[in-house]
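So the protein lines, in turn, are chains A and B. First residue of the first sequence: 13, per the working numbering; consecutive thereafter. First residue of the second sequence: 5, per the working numbering; consecutive thereafter.
It should be emphasised that the hints constitute simulated quantities derived from the structure, not laboratory data. Please note that the accuracy of each hint is not assured.
Distance windows between CB atoms, simulated [to be verified]:
id	chain 1	residue 1	chain 2	residue 2	range
1	A	G371	B	N193	18 to 26 angstroms
2	B	F62	A	M100	46 to 54 angstroms
3	A	M156	B	A148	48 to 56 angstroms
4	B	F62	A	R121	38 to 46 angstroms
5	A	L240	B	F62	34 to 42 angstroms
C-beta: ideal position from N, C-alpha, C; glycine also.
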Amino acid sequence: MSSVRKDFLHIGLFGLVYMILALLVGNSYYLLIMTIVPVWAVMGLSWNLFSGYSGLVSFGHAAFFGLGAYLVALCMVVWDLNPWLTIMLATAVGGLSALLVGIPTFRLRGHYFALAMLAYPLALLYIFEWLGYQEVALPMKREMPVLYMQFENPVAYIALALALLLAALGITSILSHSRFGMSLLAIKLDEDAAEAAGINTLYWKLIAITISGALAGAAGGFYAVVLLVVTPLAVFGMLVSAQALIFAMFGGVGTLWGPVLGAFILVPLSELLYARYAADFPGIQGVIYGVAIIAVILFAPEGILWKVRSILKPGQFRMLGSTASITDLEADESLLAVSQSGAGEKILEVAGVSKAFGGLQATDQLSFAVKSGELLGIIGPNGAGKTTLFNLLNGFIKPDKGEITFQGQSLMKKRPNKICAMGIARTFQVAKPFTHLSVLDNVVIGAYVHTRSKEEASRHASAAIKLVGLENQCDLPGANLTNKELRLMELARALASLPKLILVDEILAGLDPDAMQEMLLVLEKVRKLGITIVIIEHSMQAMVKLVDRFIVLDHGALLAEGRPEEIVKNPQVIEAYLGKKWLEND
Amino acid sequence: MDALQYLENFLQSLVAGLLMGAMYGLMCVGLTIIFGVMRVINFAQGEFMMLGMYFAYFCFAWFGTYAFFGGLWFPFFLALLAGPAVFLVGVLLHRLLINAVTGRRGNKLEAQGHYAQLVLTLGVALVLQNGGLFLFGSSPVSVANELSYSAWEWGPVVGDRVSVFVNQAQTISALLALVVVIGFAMLMNKSRLGKSLRASADNPDAAIYMGINVDRAHRLAFGFGVGITAIGGGLLASNAPFQPYIGTEYVIIMYAGVVLGGLGSIRGAFLGGLSIGVLQQVSAIILPNQLQNTVIFICFLIIILFRPQGFFGNKDRTA
Numbered sequence: 013m014s015s016v017r018k019d020f021l022h023i024g025l026f027g028l029v030y031m032i033l034a035l036l037v038g039n040s041y042y043l044l045i046m047t048i049v050p051v052w053a054v055m056g057l058s059w060n061l062f063s064g065y066s067g068l069v070s071f072g073h074a075a076f077f078g079l080g081a082y083l084v085a086l087c088m089v090v091w092d093l094n095p096w097l098t099i100m101l102a103t104a105v106g107g108l109s110a111l112l113v114g115i116p117t118f119r120l121r122g123h124y125f126a127l128a129m130l131a132y133p134l135a136l137l138y139i140f141e142w143l144g145y146q147e148v149a150l151p152m153k154r155e156m157p158v159l160y161m162q163f164e165n166p167v168a169y170i171a172l173a174l175a176l177l178l179a180a181l182g183i184t185s186i187l188s189h190s191r192f193g194m195s196l197l198a199i200k201l202d203e204d205a206a207e208a209a210g211i212n213t214l215y216w217k218l219i220a221i222t223i224s225g226a227l228a229g230a231a232g233g234f235y236a237v238v239l240l241v242v243t244p245l246a247v248f249g250m251l252v253s254a255q256a257l258i259f260a261m262f263g264g265v266g267t268l269w270g271p272v273l274g275a276f277i278l279v280p281l282s283e284l285l286y287a288r289y290a291a292d293f294p295g296i297q298g299v300i301y302g303v304a305i306i307a308v309i310l311f312a313p314e315g316i317l318w319k320v321r322s323i324l325k326p327g328q329f330r331m332l333g334s335t336a337s338i339t340d341l342e343a344d345e346s347l348l349a350v351s352q353s354g355a356g357e358k359i360l361e362v363a364g365v366s367k368a369f370g371g372l373q374a375t376d377q378l379s380f381a382v383k384s385g386e387l388l389g390i391i392g393p394n395g396a397g398k399t400t401l402f403n404l405l406n407g408f409i410k411p412d413k414g415e416i417t418f419q420g421q422s423l424m425k426k427r428p429n430k431i432c433a434m435g436i437a438r439t440f441q442v443a444k445p446f447t448h449l450s451v452l453d454n455v456v457i458g459a460y461v462h463t464r465s466k467e468e469a470s471r472h473a474s475a476a477i478k479l480v481g482l483e484n485q486c487d488l489p490g491a492n493l494t495n496k497e498l499r500l501m502e503l504a505r506a507l508a509s510l511p512k513l514i515l516v517d518e519i520l521a522g523l524d525p526d527a528m529q530e531m532l533l534v535l536e537k538v539r540k541l542g543i544t545i546v547i548i549e550h551s552m553q554a555m556v557k558l559v560d561r562f563i564v565l566d567h568g569a570l571l572a573e574g575r576p577e578e579i580v581k582n583p584q585v586i587e588a589y590l591g592k593k594w595l596e597n598d
Numbered sequence: 005m006d007a008l009q010y011l012e013n014f015l016q017s018l019v020a021g022l023l024m025g026a027m028y029g030l031m032c033v034g035l036t037i038i039f040g041v042m043r044v045i046n047f048a049q050g051e052f053m054m055l056g057m058y059f060a061y062f063c064f065a066w067f068g069t070y071a072f073f074g075g076l077w078f079p080f081f082l083a084l085l086a087g088p089a090v091f092l093v094g095v096l097l098h099r100l101l102i103n104a105v106t107g108r109r110g111n112k113l114e115a116q117g118h119y120a121q122l123v124l125t126l127g128v129a130l131v132l133q134n135g136g137l138f139l140f141g142s143s144p145v146s147v148a149n150e151l152s153y154s155a156w157e158w159g160p161v162v163g164d165r166v167s168v169f170v171n172q173a174q175t176i177s178a179l180l181a182l183v184v185v186i187g188f189a190m191l192m193n194k195s196r197l198g199k200s201l202r203a204s205a206d207n208p209d210a211a212i213y214m215g216i217n218v219d220r221a222h223r224l225a226f227g228f229g230v231g232i233t234a235i236g237g238g239l240l241a242s243n244a245p246f247q248p249y250i251g252t253e254y255v256i257i258m259y260a261g262v263v264l265g266g267l268g269s270i271r272g273a274f275l276g277g278l279s280i281g282v283l284q285q286v287s288a289i290i291l292p293n294q295l296q297n298t299v300i301f302i303c304f305l306i307i308i309l310f311r312p313q314g315f316f317g318n319k320d321r322t323a
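So that you can see chain A by itself, here it is in the shape it has in the complex:
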């Protein structure tokens, strides 16, 4: 909590200084700028809270801003409702519309997501024009100015704008230090790995866009009160979405103060230049924003704050996240143990599963069962469908035909994070670390699925790290690990989710003989905890000593099944997979 408390101290100080400044400034034009800047800072924070943390670029935040602005303006014109009430409504509508936008749009990633988001505000823009709201002016209320937020003293507007900004900062601080922040970071760094580690990526993205949309709605509502006129282009236009993005990226993506810094530099700059040169150069604001964002992309791609940090601390790797601390390495490995009661019974059953990609039959009528507590090896030549099988088992892809059950429950309609929660964890053939998080944080994210509190997650993570023997690498970023450490880290991340079954994908690939021995010992320890292991491997020799049973795949179909000594002698297997090479090696 201490980091949140520190943030709150900074936020409070910032508010105090800003208020004092506002009281000192006499010029009414400057006071107007001082009112607008916090509104745009809130928009920057709104964008940052979603896109900055999750990595999904939104070009559509104008939709939520514009709905907020029109809601406040129209409610006042039509029903005489006061802005105190309607700004709260605008917040709710912003959040709700963002949720409704998120539900379908999160099917998309990357380019497609960014493009789709662009279409929402622009579609709304034309709808509002068609509805005849080309220009909605807020009526003056001379009788009850305070009720309608029409103050004589401009400092009152600044106080309100500042209050909104402080609230947005507070929300960002709390969220970024919570499981929310870590989960979104994990999504940003590797969405598949996050999902497989038990993070409900859809849920967190929806939460993020809802809060983000609510902030944008509030900013839009307040904007209407300050400017008194709402036009479709001014609130739904491309420039609104662009400004939100530009302030956050200019100041520092994924930071608390970045969006504020961006707005505080760029808004006054463009406003002052506009006031001076608007007659000769009407588009000067847009040019400034465009040039600013081009410069940032070319010279400081993550924004000013990150650039300053890298200049102050050269050569230091950029680390994100900081929830976990390494105090709990006394953790007991038995935390990870699984009850042995059902040992030997079927834990996982694959029945008639087929999966084709275009014309390629990756999995063909595959049926087998895994017994609780066993160590099953899956072998087969390249392209035999081994990794596809794992992707089917942990829910990344769904079979065309067949049925997969785990402890009697069907996995067919479950998302990967649910499958992880049921007790199936996995590692990846090409390791997927969260590169900008420490090893400990990487593993903590794996622990979220079955823990409520930060301490509990940290305890489970510590136990897993201790089991694989990465205590001394806890602080290293995921990007700086050796191949062996990466694979151990992935194993620890899988273990931290308290799995009953672990799918291990080519964990021995590329390891030298010593490292391989070490890895085999770790796997032995995992097995002793009672965790069932299914392992894909090329290295037959190492596997023969390790596994209880083999399954051999060829062209997506089951070729043979049996104890290692049987498989080694099976002529079909030797012909299809091992060939002469194995005979020579033997």
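Place chain B on chain A using the hints.
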């Protein structure tokens, strides 16, 4: 209105849609080349279209009176000329800016530089449209001539009352668009240059090992892409008034067409653009004019949400 009247309206809109659609298709082809070869989403594509429009406009204003082709044909000639002119702008811009976040440099950035590319081209779009406001002014202009107001009568098609009027300027523009698309498709498929562009698109690393200058290929692809879209813009310029902000609404139209056709495919992009044109014009029969674009945006959302791989593309597509 009776049934024949509806039929006439429908045929009229269909023809207008096909003609507009051919120009949209041309612009979509420009956009899809950039994506196909560079894997870059160019946000500023609409602004390059706008540059093509103003190129045609200013050349017409300055030299229109001396036109040796006769005033009628000069705008179409200028539209074609906008291609090479904006090609040069694109090549220069690629060398100065875009190149820093694409290709192998982009691969070193987060998410292969996708976000950097999106945001950088957004910046370029902002600078071009607002700079355009300064250079070109904010009042709408057009390059209309007699042909823009003349039509051929086709018909009577059904009975003796239903006939369709085909706008002459639009028809010439659509035919030119078709010629440019076919010409470019042949360039891509047959020539050495086209092969090197396609190789760079398929596998940049392998292309480098084969001695292809991938940076140059990207630069050319960006130039071709914006140049072709600018020709589309130049052709549209003789059709309706425009102002510097026009790019934003067209960028969605272009993406709608490109996504409909499957990102990266030339044939798909043209057919996609054609469909969007038809959709836009036919929807105008039942919907008010202001909602034409909303229909396109909503269609775009539906396509991208439910069939992001498009309908007409070849197999080569990745997001």
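Going down the list of hints, with the structure as the test:
Remark: the range hint 18 to 26 angstroms for G371(A) to N193(B) is upheld by a beta-carbon distance near 25 angstroms. Take F62(B) and M100(A): their Cβ atoms lie about 51 angstroms apart, and the range 46 to 54 angstroms holds. Against the hinted window of 48 to 56 angstroms, the Cβ-Cβ separation of M156(A) and A148(B) comes to about 54 angstroms, which satisfies the hint. Roughly 42 angstroms separates the CB atoms of F62(B) and R121(A), a value that falls within the hinted 38 to 46 angstroms.
In this structure the hint that L240(A) and F62(B) lie 34 to 42 angstroms apart at CB holds, the actual value being about 39 angstroms.
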